[in-house]
Structures are given as C-alpha cells and as structure tokens.
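Residue numbers (my numbering), protein chains in the order written: chain B, 1 to 374; chain P, 1 to 374.
Just so you know, these hints were derived from the structure itself, not from any lab. Among the hints, erroneous ones may be present.
Heads up, the list lumps identical chains together, so a pair's fine if it works in one copy or across two of them.
Claimed, not checked - 20 Å max Cα-Cα, derived PhoX-like pairs, lysine-lysine:
1) Lys-373 / Lys-159
2) Lys-236 / Lys-120
3) Lys-171 / Lys-120
4) Lys-323 / Lys-44
5) Lys-52 / Lys-36
6) Lys-44 / Lys-257
7) Lys-40 / Lys-52
8) Lys-369 / Lys-359
9) Lys-36 / Lys-65
There are 2 protein chains.
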Amino acid sequence: MAKEFVVTPWEVTGEVDYNKLIKEFGTQPLNDELIKKIEKKAGKGHHFLRRKIFFSHRELDILLKEYEQGRKFALYTGRGPSGNTHLGHIIPWMFTKYLQDAFDVPLYFQITDDEKFLLKPNLSLEETNKMGYENALDFIALGFDPKKTFIFVDSDYAKTLYKIAIQIAKKVTGSSARAVFGFTNNTNIGMYFWPAMQAAPCILPSILEGRKVRTLIPAAIDQDPYWRIVRDVAPKLGYPKTAAIHCVFLPALTGPKGKMSTSTGEHSTIFTTDTPEEVKKKVNKYAFSGGKDTLKEHRKKGGNPDIDSSYKWLSFFEEDDRKLKKIYNEYKSGKLLSGEIKQILIEKLNTFLKEHQKKREKARSQLDKFILKD
Amino acid sequence: MAKEFVVTPWEVTGEVDYNKLIKEFGTQPLNDELIKKIEKKAGKGHHFLRRKIFFSHRELDILLKEYEQGRKFALYTGRGPSGNTHLGHIIPWMFTKYLQDAFDVPLYFQITDDEKFLLKPNLSLEETNKMGYENALDFIALGFDPKKTFIFVDSDYAKTLYKIAIQIAKKVTGSSARAVFGFTNNTNIGMYFWPAMQAAPCILPSILEGRKVRTLIPAAIDQDPYWRIVRDVAPKLGYPKTAAIHCVFLPALTGPKGKMSTSTGEHSTIFTTDTPEEVKKKVNKYAFSGGKDTLKEHRKKGGNPDIDSSYKWLSFFEEDDRKLKKIYNEYKSGKLLSGEIKQILIEKLNTFLKEHQKKREKARSQLDKFILKD
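Isolated chain B (complex conformation) (with noise of 0.2 Å):
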C-alpha cells in the first residue's frame, strides 16, 4: 500500500497525519504535564499549545528537568534565505518568542546562506547572503531581546562554525549522510558536509557560554531528522543531546495538502512583506474554500471549517479561542459565508502585517546588534 503522505526534510506532500508522524519519527507526544510546565513558567498560555499547533518533542520533559534543578538551556532556531520570508517560516519563530520570553535563555538563530547557495542551481553566494540577512529582520521584527539573541549567517561565521562543523563531520560517515539526508551520486560535496555546519549550533552554546549546554530546537516537524545525526553525535563529543519542539505545518494557501512553500507557486504563500492589496487578492483568489457551490445551499448545509485554508490560518494566527470557536460555528452552520471567512482572514492578516512590516523596518538599524562575528 502506497503512503498516503510523505514528509522528510526535502519533500512534504499528501495530507499529514500527524499522529502516524510520532510514531514514524519515534518522537514524544507532548503531553498535558509539559504544556502545563511551559504555561506555568510563562505566566500565560499559547494558543499554538492549546490548539496542538506545537505537538511533538525530543527529551523536552528532560530539559525541562534539569531547567528546574537549575541548569540553562539555549534555544536554536534558523532560516535557510532562499527567498522571502513567508507566514509558514514565522510561526516557529514566534513560539520561539514566548519560550525565551518564559525561560529567559540565550537564543541562537543561523541563517544558512551557504545550504540555500549549495542546494539552489540558480542562487548565488551573494545573493543567499544578502536574502539571509532581510530574512533576519523579519526575525527581529518579532521583538527578541538583542542581549540573548544572537543571529549568524553561515558565511559570516565559518570561521567559528567551520572548527566545531568538522569535529561533528569526523564521526558522520558518507553513508549514514545519504541515508538521512537522501543524498544521492550526483548530490554536490558541499551538500555531504553541511549537515555537520547544521548540527554546529547544537554545541555552539556550550563552546560560547564555556559550560555544558543543551539546546531545545522549535521547528516544523519535517526538520526532525537533520538533528537525528547531531543528537547521535553530541554525546560522542561530550556535549548534552539536543531537544526539540515540533510544529505542525501551515498548510498552503491552496490547500491542506502538503506545507506551504514558496517553491509550490507564490499563490500557495504570503510573504511578509505583501502588500495589504496583495494579501487580499491572494485570499480571495487561491484560498482553498470549505464553503458550498452555491449562496442557497451553503446557507442550508453550512461549510466545512476543518478543510477550509481561511480557517486553518485563522487557528494559527487569531489568538481569541472564543473568537475562533465562534467562527468554527458560524461556518459550520452557514451563517457565515466564504467570501465572510475569507474578509475575516484578510483583515487578520493585514493588521498583522502593517505592524510587522514596521518593526521589519525598524530592525535594519538594529541588525548589528544581534550579529555574532568571529
């Protein structure tokens, strides 16, 4: 029987079951007890943990442990700048947020211009490069603190990432590289290292803070078997295994089927910095809707909110569980109507946005700041 999806780190599609996930990737379902512990650290809920929008992890319950025994973590997140930054990239970034925000721990962001140049036949150096650091802004826009938050672009920083790249590399064989990374003859030389420079952030903690510091890693799920070699290896090196925090997908535009990926079409996307005209015309023309054909029998049947993309980005980005729930039930019914949904997304949307695209601005003067440099 064929799979009736498929998600590894380069390729993502059919609809996801995410639980079936847990048990393919033999990671942990994060349960009742861990949500609670983050809750009650931060003072506050988040609705990507009520919702079950962050859903799985790796020794969180460890690290949280030894968190209370005293012990710091580090959070490690990144882009690789490979064009703009869409929604789909910011919503680990803004659980990220909360969870410095809750632990006050060191955060280190790497932006890897040099996989995005290495993977990409028709991107530059330069041009990865400098895409790195406008993705960086959109980082900062989210409001991290620049005393412990360090962002470093992979080409910038070789020099550091380099020496603690090729301690990891000694012990990854070319083969175990092929089988997790799907590597193939023709895959280029740079590819078959850059594993080890994405596993270099996993030990730069513990190197720059001069003790033994684990990490915890808030990414999409699909991310999770790039950190598979890392957590085989840091123990190896004498450094702590690297936790993770995974989310869900935010599913295209056009559908829930698959993430949402500039590479699927720029109709499946809305990047940050659309325009509010943009953001509406792209809701209204690609937005997957879950309503009925036509005005009479929507009213009558209702729609469908759980295949519905306006819903589904309106589970992610509308905080109010009772505005949300609302809308679920007023969809559901047909009360509401598509082009009703849809309005209500845009609007989320762009006010979103006109305060992102501010502080987006507002992040170019303060970009040093976050720099790490060799």
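Following the hints, complete the assembly by docking chain P onto the known chain B.
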C-alpha cells in the same frame, strides 16, 4: 598482470617508474626548453632540474608564456600537519624558494590542520593545529620573503576559505570525489567536502589580488589527482586552470620502494628536528645499502649506487654535480665503502640541519609576519 607500483594521493607502493606515471596521469615531461626558460629567469640552475627530480608538469608552458607577456602567477604549496616535518616534505619547498626568487611572485602556503584532523582517528584539531604552526617554522626557515609569502592554517582562515570552497564544492559531485579521492561509504563527510578546501587556494590569489591569477603548484607527483578537480572547476567559475610542476619522491631511508613517510616507520624518516646523533644512528642503522656483503667483495666488484639509499639521498642534498659524480664513481668502483658513503650523507645532513634548526628557531618570532588572517 598486477601493477608493479601504485601511486595515488593515499598510497605509494612499489618501485615507481616515473616515465610510466607521466603517461598514466596524462602530464607532460619537463623538457629542456622549459628547464632553460626557468634557469634563465633564475640566473642560475638548480640540481633538482638537472637531475630530473622535478620531471613533469601541467601547463607550465602556458604559465611561462603568460609570464613573459607580463602576467604574474602565484605559487601555491602546503603541508598536512600530521607530525613533525621530515626531509621529504621540504624537497618541493626548497624548489619553491628557487621559483619564487626567480620569478618574484607571491606564494601561498596552506596548512591543512582540518584535513589531518578529519583523516587521523587519533589526532585532535588542537594537535593538528599546533603541529601546523610548528611545520610552518620549517617552511619559513628556508628563507622565504614575508612580504610576498602568505601562510594560512585552514581552521584559522576558514571564513575566507569556506566561502571559496563552497563555490568549488557546488560543482563537484559525491561520485567524482569518490572516484578521484578513493572515498568510500565509510569516509566521513568532512573528508567528502575537504577536496574543496584544498582547491580553494587555487582561487584565493585571484580574490585577494583582484585579478585573474594562475597558480603554479610545485608538489610531489602523487598529489596530482587532487588538482584534477580544481582544474576542471576553476574555468567554470571564471578562473584560470592551475598549473603544476611535479617532483619524484625522496625514497625511504630503508629502501627504494614507496615514498618516505612517517607512517612507514620513524626509522625510514629523518625529521628536521632530529639531533646529529639521531641522524647518525638512523643512517648507519637503516639506510639501505647497495654495497656488497663483504669488504673483499665490495673492493673487488664495487657497490650499486642506483639502489643505495645514501647515494639516492645525496642526489637530493649534494648540490655539487662533480662531488656527486665522484661519489657515484668511487662507490661503483668499490673504492668508497658503504660505511663511508653513509658517513658522507650523515655529514651532509647534519651540516644542513644544524643551519636549518637555527633558522627554524629564529622563525618563531617571524611567524606573525607570514600568517594570513580572516
């Protein structure tokens, strides 16, 4: 039929037929016309040229033609710091000094602490890095001009090198690295990438000098395959193909097969830091003799200088052709005994090493003047 000798970057065994090697590798023999051109420019000959110790090249003719038209090239050689420098290492360096004096060109010297760390299970990066700077002293001791000689240790110059290396790496597939470098499934991913780090200095001069600079690599012939990849890739990136000039191996003290290498045993090797007593002991005890079994027989039939390690070594270290010829003839006639030719070599080496060790210690305070930093 099994091959009588094997020459790859990772294996040299058997008695090497250098003429066969030229055909096998597809290089060009170093002909009299080229030798004359070099000697004319240098204003003096070199016994490594006269004695065909440098015997093969790639596109040296093109490089010299460009030089005559006013385009300066750059020299590039290096050292893999897995241990102390031995006399086999400094043979190409001595000739590099002659070439730099002759052509007044910049010289780049790469110390590959990353490679030796990745390659040797028991060496730490700290160890190879430290050894790298020790090895650099031997290079500086040969009298290079700090104004035009640039030494860099890979892990300490990684910011610059990594950016260049990934440009190269993007054009090299895993399978070509396997074919050229003999990598297997078990080779670590650091080594998979490393050929790009070794190729980077072929392009570095163009970047630092802001013009298209062809490099010339003086090295032992077994290193040639390493440059095939960069000769293929450099033109694709808009840089000139690297030229090369190849030397034979200084044979092991213990006999004419293979090349001198620390890995074949310390007794087959003389280090630049050996004491006069160690040199004496090693030559007397281990130098393979072409002499006869008894004094009577030796006096009667004479020795065989062509297989005698002491004579072979004198052909590298005794610059005076007449003296060397005299030794050859007297050994062959039986006038010179095995113990006596060993004594000549011991004196020659110890005279050289006494001076070298003085300069080597003096080089410690000059090191900073030579080191390239990111």
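Verification of the supplied hints:
no.	hint	verdict
1	Lys-373 / Lys-159	both (9 Å within a copy, 11 Å between copies)
2	Lys-236 / Lys-120	between (33 Å within a copy, 17 Å between copies)
3	Lys-171 / Lys-120	between (27 Å within a copy, 12 Å between copies)
4	Lys-323 / Lys-44	within (18 Å within a copy, 90 Å between copies)
5	Lys-52 / Lys-36	within (13 Å within a copy, 78 Å between copies)
6	Lys-44 / Lys-257	neither (32 Å within a copy, 75 Å between copies)
7	Lys-40 / Lys-52	within (17 Å within a copy, 79 Å between copies)
8	Lys-369 / Lys-359	within (15 Å within a copy, 46 Å between copies)
9	Lys-36 / Lys-65	within (13 Å within a copy, 76 Å between copies)
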